Amino acid sequence: MSAITSNDEPLSHDQFMRYSRHLLMDDIGEEGQQKLSNSRVLIVGLGGLGCPVGLYLAAAGVGQLSLCDPDRVELSNLQRQVLYRDVDSEQYKVSCAERELSLVNPYISVISYPTEISAELIQDYDVVVDCTDNLNARQLINACCQKKKIPLVSASALGWEGQLVAFDFSQNRTLCLNCIVNKDSADPVLNCSNSGVIGPVLGAMGSLQATTVIRILLGFFEQHGEMQRYDGKIGRWMGLTTQADKNCEVCGAA
Amino acid sequence: MIKLLFFGRLGDVACDAPKLIEANTPAEIRDLLAADFPELGRQLREPQVLVSVNQMIVSWNQPLAAGSEVAFLPPVTGG
Chain A
65 MSAITSNDEP
75 LSHDQFMRYS
85 RHLLMDDIGE
95 EGQQKLSNSR
105 VLIVGLGGLG
115 CPVGLYLAAA
125 GVGQLSLCDP
135 DRVELSNLQR
145 QVLYRDVDSE
155 QYKVSCAERE
165 LSLVNPYISV
175 ISYPTEISAE
185 LIQDYDVVVD
195 CTDNLNARQL
205 INACCQKKKI
215 PLVSASALGW
225 EGQLVAFDFS
235 QNRTLCLNCI
245 VNKDSADPVL
255 NCSNSGVIGP
265 VLGAMGSLQA
275 TTVIRILLGF
285 FEQHGEMQRY
295 DGKIGRWMGL
305 TTQADKNCEV
315 CGAA
Chain B
37 MIKLLFFGRL
47 GDVACDAPKL
57 IEANTPAEIR
67 DLLAADFPEL
77 GRQLREPQVL
87 VSVNQMIVSW
97 NQPLAAGSEV
107 AFLPPVTGG
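If you read the sequences in order, they're chains A and B.
The first sequence: position 84 = 148 (my numbering), numbered continuously.
The second sequence: position 18 = 54 (my numbering), numbered continuously.
Hints are not guaranteed to be accurate.
Mimicking DSSO-like on lysine-lysine, the simulated pairs with C-alpha atoms at most 27 Å apart in a straight line are [stated by the list, open to error]:
1) B/55 - A/297
2) A/310 - A/213
3) A/310 - A/212
4) A/297 - B/39
5) A/99 - A/213
Quick caveat, the hints were computed from the structure, so don't treat them as lab data.
Since the structure is predicted, the reported quantities are computational estimates derived from the model, not experimental observations.
The shape of chain A in the complex, shown without the other chains (with noise of 0.2 Å):
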């Protein structure tokens, strides 16, 4: 029988001890904890950052989690990502996760995509957290959120950095990530493959980017656009507003 909790059903006395944490602050409570189990995500990477992402949305009770990365689960990755065990090699990734999340809480569900991000896949979704690693997903991403006015939380690293940067395209139709980056340029010349990076750096940006979707789950949210960076080497967060291109060829027509 699926432990899953449906709409408007009031916690059971089990969800209450789980989510006590929730339930005592005034501004979650029982009705901000069903909003959650109400909700649906879609997180497009299981890599460094989605382990994290998973982790914290599945512990926090996110009704419904989506699963998106075409890879299988390499030694390499055992580094940074959380979610793996030694005995996972060769697995994909999002079947792993989807185990690991699913023992973390019996009370969401969780569904696996073992593909490529696609237009068709993003339907739906209550808020899309982007953790890729290549600009090209990243653009698609982008479009199909602005197109649906789905907000997005996308977040990226690379050696001792992170960026987050958040779209609230339900309120906003301007300004998206296209308005940023430069689209015609070619993907950056270094990579987590060939450039390295540090675990727990991924850890901070992948639980920001947690604490974001449930910011905006819980309506909360109101930092559109706005771009946080981390340099892990320093220990400094830079917070810097952006702009929206009026030629952008996603958002420009708005």
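Put chain B on the given structure of chain A with help from the hints.
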């Protein structure tokens, strides 16, 4: 004068670069730095390097006012 900040790995190759400069746009700063610091200039011209003025992401041709703080941010696209 314009105050310069270099983030992440750009900071590693900008150790000897000036932290104050006279220029009209971020692109002009990039060209001035490239003349004296070729490796820094090369990395500033890599795809997807962002530039901010007073903590706002802007285009490389943004006119600069005296006293502005210009930061160069290397791309971070891994996940």
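Evaluation of the provided hints:
1. B/55 - A/297: Distance ~20 Å between residue 55 of chain B and residue 297 of chain A Cα, so the pair holds.
2. A/310 - A/213: 18 Å, holds
3. A/310 - A/212: Given that 27 Å is the threshold and the Cα spacing comes to 19 Å, the pair holds.
4. A/297 - B/39: Within the cut-off at roughly 21 Å; holds.
5. A/99 - A/213: 19 Å, holds
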